[in-house]
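Trainee: The primary structure of each chain is shown beneath.
Protein chains: 4
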Amino acid sequence: MTDVALTHGSALLEIVQRGIRVLDLGRPYQQGMPQSPNHPAYTHTLPRRHGDMVRSDGGSAANDLISFGTHVGTHIDALAHVSQDGKLYGGHSAADEQVGGRFMRGGIHEVPPMVCRGVLLDIPRLHGWAACPPAYEITVTDLEAAAAAQKIAIGAGDVVLIRSGWAQRWDDREAYIGAATGVPGISEAGALWLASQKIRAVGADTIAFEYLAEGAGHSRLPAHRVLLVENGINIIETMNLEQLSEENYGEFTFVVSPLNLVGATGSPVRPLALVEA
Amino acid sequence: MTDVALTHGSALLEIVQRGIRVLDLGRPYQQGMPQSPNHPAYTHTLPRRHGDMVRSDGGSAANDLISFGTHVGTHIDALAHVSQDGKLYGGHSAADEQVGGRFMRGGIHEVPPMVCRGVLLDIPRLHGWAACPPAYEITVTDLEAAAAAQKIAIGAGDVVLIRSGWAQRWDDREAYIGAATGVPGISEAGALWLASQKIRAVGADTIAFEYLAEGAGHSRLPAHRVLLVENGINIIETMNLEQLSEENYGEFTFVVSPLNLVGATGSPVRPLALVEA
Amino acid sequence: MTDVALTHGSALLEIVQRGIRVLDLGRPYQQGMPQSPNHPAYTHTLPRRHGDMVRSDGGSAANDLISFGTHVGTHIDALAHVSQDGKLYGGHSAADEQVGGRFMRGGIHEVPPMVCRGVLLDIPRLHGWAACPPAYEITVTDLEAAAAAQKIAIGAGDVVLIRSGWAQRWDDREAYIGAATGVPGISEAGALWLASQKIRAVGADTIAFEYLAEGAGHSRLPAHRVLLVENGINIIETMNLEQLSEENYGEFTFVVSPLNLVGATGSPVRPLALVEA
Amino acid sequence: MTDVALTHGSALLEIVQRGIRVLDLGRPYQQGMPQSPNHPAYTHTLPRRHGDMVRSDGGSAANDLISFGTHVGTHIDALAHVSQDGKLYGGHSAADEQVGGRFMRGGIHEVPPMVCRGVLLDIPRLHGWAACPPAYEITVTDLEAAAAAQKIAIGAGDVVLIRSGWAQRWDDREAYIGAATGVPGISEAGALWLASQKIRAVGADTIAFEYLAEGAGHSRLPAHRVLLVENGINIIETMNLEQLSEENYGEFTFVVSPLNLVGATGSPVRPLALVEA
Numbered sequence: 247m248t249d250v251a252l253t254h255g256s257a258l259l260e261i262v263q264r265g266i267r268v269l270d271l272g273r274p275y276q277q278g279m280p281q282s283p284n285h286p287a288y289t290h291t292l293p294r295r296h297g298d299m300v301r302s303d304g305g306s307a308a309n310d311l312i313s314f315g316t317h318v319g320t321h322i323d324a325l326a327h328v329s330q331d332g333k334l335y336g337g338h339s340a341a342d343e344q345v346g347g348r349f350m351r352g353g354i355h356e357v358p359p360m361v362c363r364g365v366l367l368d369i370p371r372l373h374g375w376a377a378c379p380p381a382y383e384i385t386v387t388d389l390e391a392a393a394a395a396q397k398i399a400i401g402a403g404d405v406v407l408i409r410s411g412w413a414q415r416w417d418d419r420e421a422y423i424g425a426a427t428g429v430p431g432i433s434e435a436g437a438l439w440l441a442s443q444k445i446r447a448v449g450a451d452t453i454a455f456e457y458l459a460e461g462a463g464h465s466r467l468p469a470h471r472v473l474l475v476e477n478g479i480n481i482i483e484t485m486n487l488e489q490l491s492e493e494n495y496g497e498f499t500f501v502v503s504p505l506n507l508v509g510a511t512g513s514p515v516r517p518l519a520l521v522e523a
Numbered sequence: 247m248t249d250v251a252l253t254h255g256s257a258l259l260e261i262v263q264r265g266i267r268v269l270d271l272g273r274p275y276q277q278g279m280p281q282s283p284n285h286p287a288y289t290h291t292l293p294r295r296h297g298d299m300v301r302s303d304g305g306s307a308a309n310d311l312i313s314f315g316t317h318v319g320t321h322i323d324a325l326a327h328v329s330q331d332g333k334l335y336g337g338h339s340a341a342d343e344q345v346g347g348r349f350m351r352g353g354i355h356e357v358p359p360m361v362c363r364g365v366l367l368d369i370p371r372l373h374g375w376a377a378c379p380p381a382y383e384i385t386v387t388d389l390e391a392a393a394a395a396q397k398i399a400i401g402a403g404d405v406v407l408i409r410s411g412w413a414q415r416w417d418d419r420e421a422y423i424g425a426a427t428g429v430p431g432i433s434e435a436g437a438l439w440l441a442s443q444k445i446r447a448v449g450a451d452t453i454a455f456e457y458l459a460e461g462a463g464h465s466r467l468p469a470h471r472v473l474l475v476e477n478g479i480n481i482i483e484t485m486n487l488e489q490l491s492e493e494n495y496g497e498f499t500f501v502v503s504p505l506n507l508v509g510a511t512g513s514p515v516r517p518l519a520l521v522e523a
Numbered sequence: 247m248t249d250v251a252l253t254h255g256s257a258l259l260e261i262v263q264r265g266i267r268v269l270d271l272g273r274p275y276q277q278g279m280p281q282s283p284n285h286p287a288y289t290h291t292l293p294r295r296h297g298d299m300v301r302s303d304g305g306s307a308a309n310d311l312i313s314f315g316t317h318v319g320t321h322i323d324a325l326a327h328v329s330q331d332g333k334l335y336g337g338h339s340a341a342d343e344q345v346g347g348r349f350m351r352g353g354i355h356e357v358p359p360m361v362c363r364g365v366l367l368d369i370p371r372l373h374g375w376a377a378c379p380p381a382y383e384i385t386v387t388d389l390e391a392a393a394a395a396q397k398i399a400i401g402a403g404d405v406v407l408i409r410s411g412w413a414q415r416w417d418d419r420e421a422y423i424g425a426a427t428g429v430p431g432i433s434e435a436g437a438l439w440l441a442s443q444k445i446r447a448v449g450a451d452t453i454a455f456e457y458l459a460e461g462a463g464h465s466r467l468p469a470h471r472v473l474l475v476e477n478g479i480n481i482i483e484t485m486n487l488e489q490l491s492e493e494n495y496g497e498f499t500f501v502v503s504p505l506n507l508v509g510a511t512g513s514p515v516r517p518l519a520l521v522e523a
Numbered sequence: 247m248t249d250v251a252l253t254h255g256s257a258l259l260e261i262v263q264r265g266i267r268v269l270d271l272g273r274p275y276q277q278g279m280p281q282s283p284n285h286p287a288y289t290h291t292l293p294r295r296h297g298d299m300v301r302s303d304g305g306s307a308a309n310d311l312i313s314f315g316t317h318v319g320t321h322i323d324a325l326a327h328v329s330q331d332g333k334l335y336g337g338h339s340a341a342d343e344q345v346g347g348r349f350m351r352g353g354i355h356e357v358p359p360m361v362c363r364g365v366l367l368d369i370p371r372l373h374g375w376a377a378c379p380p381a382y383e384i385t386v387t388d389l390e391a392a393a394a395a396q397k398i399a400i401g402a403g404d405v406v407l408i409r410s411g412w413a414q415r416w417d418d419r420e421a422y423i424g425a426a427t428g429v430p431g432i433s434e435a436g437a438l439w440l441a442s443q444k445i446r447a448v449g450a451d452t453i454a455f456e457y458l459a460e461g462a463g464h465s466r467l468p469a470h471r472v473l474l475v476e477n478g479i480n481i482i483e484t485m486n487l488e489q490l491s492e493e494n495y496g497e498f499t500f501v502v503s504p505l506n507l508v509g510a511t512g513s514p515v516r517p518l519a520l521v522e523a
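Protein chains in written order, with the working numbering: chain U, 247 to 523; chain A, 247 to 523; chain W, 247 to 523; chain X, 247 to 523.
One or more hints might be untrue.
Output of the computed footprint for chain A on chain W, the stretches with three or more beta carbons under 8 Å from beta carbons of chain A [unchecked claim]: (1) 280 to 289; (2) 335 to 347.
Just a sample of chain U residues kept apart from chain W, beta carbon distances all over 12 Å, derived [what the hints assert, rightly or not]: (3) D331; (4) P358; (5) E420; (6) Y422; (7) Q489.
Hints in this document: simulated from the structure, not taken from any laboratory. Note that CB positions come from ideal geometry on N, CA and C, so glycine has one too.
Kindly produce the complete structure, drawing on both the sequences and the hints.
Mentor: Below you can see the structure in the form of structure tokens.
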């Protein structure tokens, strides 16, 4: 088998090598970062530091311990994350599926890496705002109008990212969490509209993805129900969509590669938008 | 600003939509998975299960706590991971850089996501083996011969993945860790050869990337020194390169998006090879 | 209220000050210590080291992060730790009591610190052995004979510690875990006998307290059922009773102060035997 | 050796059995409890719940994972916790002692369990206050006057507990942490006075033990230096001394049994005061 030449080249690779730009749609992880209080905080320590152990040849190493909830920072929700009346996507019993402490059905290990068409629906741009106000419900009219203004048609299998501009509050932890003010996003109607387009996944630049009323916290999350439980559409949260908007990208190659955490209800991710240089 | 049409389309997106295949080069995470004993073990639990809290509308959720070392499973090493005689890449003092418990210089947050040309040097294929034997040093001759046999020239900025076939042992934890048997891989010479090609990063299908002698453990890691400390070339470990080999891909679009863990010495990753369908 | 003299002295304090000896019945915690594989491993790191932050006056500090299962090392089981046919002590539904992820009923926070009479039933001493053999069932006859030989009557409210001598294997991790060999201890009959004495708690020098057959693991734990579920008697495991035996103490003042972990199924402890000097 | 009767009885045990009261001087552990932000937060989850695994005989179990800093909740500081100008107690280099990530010299494993005379210096009682005001420095005059008012002489080897009354703020997390208001406690002078009495350990009902000026945080901790670094006297923090005060106990048998965490800078504890019924 030594002579078999391996496959070479491709139009894809040619374009990549000609020059593409990679836009980072994720957030950095640091202790104290904004996150939902419902999830274990992100912690990072160095169990081993240089000098703790020095090899005979003078080499040494440092390493890390990280500990956090999978719904902290930029992350993707698995279908098993949410249940409605005790049922998961596909009608399976949530109580049964979680026996043993992991979801073999509906866990994030069932979500393969995605490389597909990504679409940005830029709601502030539509309205001429810097950002949507707190507790602003992004309506079906908003979504349709944004698509129309951007001359974009959403196709089956696409990943649709909805920009509210909320990412601008990232450096003010409590403001970004938005418990008191409420947070902009779609609600049930917007979720139904998106689901009807047979998309692969959705994403937004807020912690909870959907509209949160002032002071209401996460008491009702109808978009999660419609998307995860009823339609099997994954949700990506805490994205940073500002650069996509600033640079006018409404359509791009979207890449997300969830960690293959068997049985988990989500995974941290660092999604990318690939555009030509 | 409501009228500005966002940028549409691109040759890249056309090819993606025409159809590409996404090959997963990473490993799943599960408690008990093979890993170096030098790093905190991967643990996963469900702090919250469906039913712990039920919303007024009948919705509920489950979430996760994950805790592990960044050098567990498929991962990428930051430059600050290794020191030589107390110095990091760039000549900086390791003792100084680690003050405060994180590496603002040389941490993984300094490694941007990569989308570039990937090259597979398939060593077992070269020799007509199923896999390299334990404690087999992959020499410069092996690397050059593999590239020649595959009619591939390594270019600056490429990511070079070296297959030993060791991934076939994944289901036998102690065998994959290979403490007793030693593990195949390049050593100092191979690392120098790779560094001279000005590549961006390297990867392999073993835990420690480089050659480990029988029973020697991690007592000497010269390739880590050459690559990380002397040449600023990141190392990706515990990859699964079997499918790339089986399907004859010697060249592909390589994608890796490390989590942006500020100050960490590494990050879990799920690298991808993109090829045309 | 400035003049009220606070209470002084006591016969108890006089004896303490005259001189008592404090025997440590617990085990040290270190990474890699013997423990049941069913529980999260003990890990310890220094998130902060001296020098990470230095105060203006030249002071600095180091601190720790510890992470482990509550049933690791010397520990006490809460009543909620074990269920039988879905029921906890008192007939409560285990499924109901664990909603929310902690046991407000039956958790270790319900176990107050104990200072009471402690009795050692020294089984190897009874038989003239260094230690009980593996997979040796300590019978009711053994317990009665040990008490008789030690001229001890067990009283209501006592804490009864059963020595098998298994503690001598502590330095051999797999031997102490005893999965292959089985482990000595009482079984159902011994538990029923102890329960009939209306004691407060029991303890032993093995991980699982009760008799484990060769290769059987923790597949059946009848003594746990009898003690925790049926009789509300707490179990202390992984004790070190060798010094008590060597120094001939069959009766002593027993002290154990569980951490007040609200809703937990157990707590690490460092029990003491107080004897006169 | 079967005939050797084990030692029986003792005056100590007689008093214990006649009836003593055990006062709990510790605090419960729950997620969200007040703690210094400088330390890893207390987290508790149930990795295993009843029903995850059911034995053939119908038995099942739940267990815990706890993760926290050793200086969270009621805890005792080891001598290695604090350094001054790079030195630990005994003049040892902090940088050297922490190599390897644990303190074999000065770690909490070197602090044996204590059963000795305990003395309460009740400062609010002295002044006729409910509690000391925030940022109140408890002076040597206060300490001497409290001892005099209570007709107590501190003896060598005693454990001295200083009540400020700050424990009354426990249910208001930010108030108890006291960052904005400052916190009452002794400072350098008080520490020197205590050290001159050759006591074994000190304790208080605040997080940081010593006086904190308004808004100053932990920027200067001279009492820690005097006690830990210069005199080898351990410090116990976050105690609850209210019951001792309410019930007029100025002197008692004090018990504290730190977990034997090898190399750690501290340990959670649940200290006790034993008094006669």
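Trainee: Would you mind marking each hint as holding or not holding in the structure?
Mentor: Quick rundown of the hints versus the structure:
1. Evaluation of the coverage hint for the region 280 to 289 of chain W: fulfilled, as 3 residues show C-beta separations to chain A shorter than 8 Å, against a requirement of three.
2. Chain A is given as covering the region 335 to 347 of chain W, and this holds because 3 residues of the stretch bring a CB closer than 8 Å to a CB of that chain, at least three being needed.
3. With a cut of 12 Å on Cβ distances, D331(U) stays outside the contact zone with chain W, its closest approach being about 16 Å.
4. P358(U), annotated as away from the interface, keeps every beta carbon of chain W farther than 12 Å; the closest lies near 30 Å.
5. Look at E420(U): its CB is around 24 Å from the nearest CB on chain W, clear of 12 Å, so calling it non-interface holds up.
6. Residue placement check: Y422(U) keeps its beta carbon more than 12 Å from all beta carbons of chain W (closest about 25 Å).
7. The non-interface label for Q489(U) is consistent with chain W: the shortest C-beta to C-beta separation is roughly 33 Å, beyond 12 Å.
Violated hints for the displayed structure: none, as all numbered hints are satisfied.
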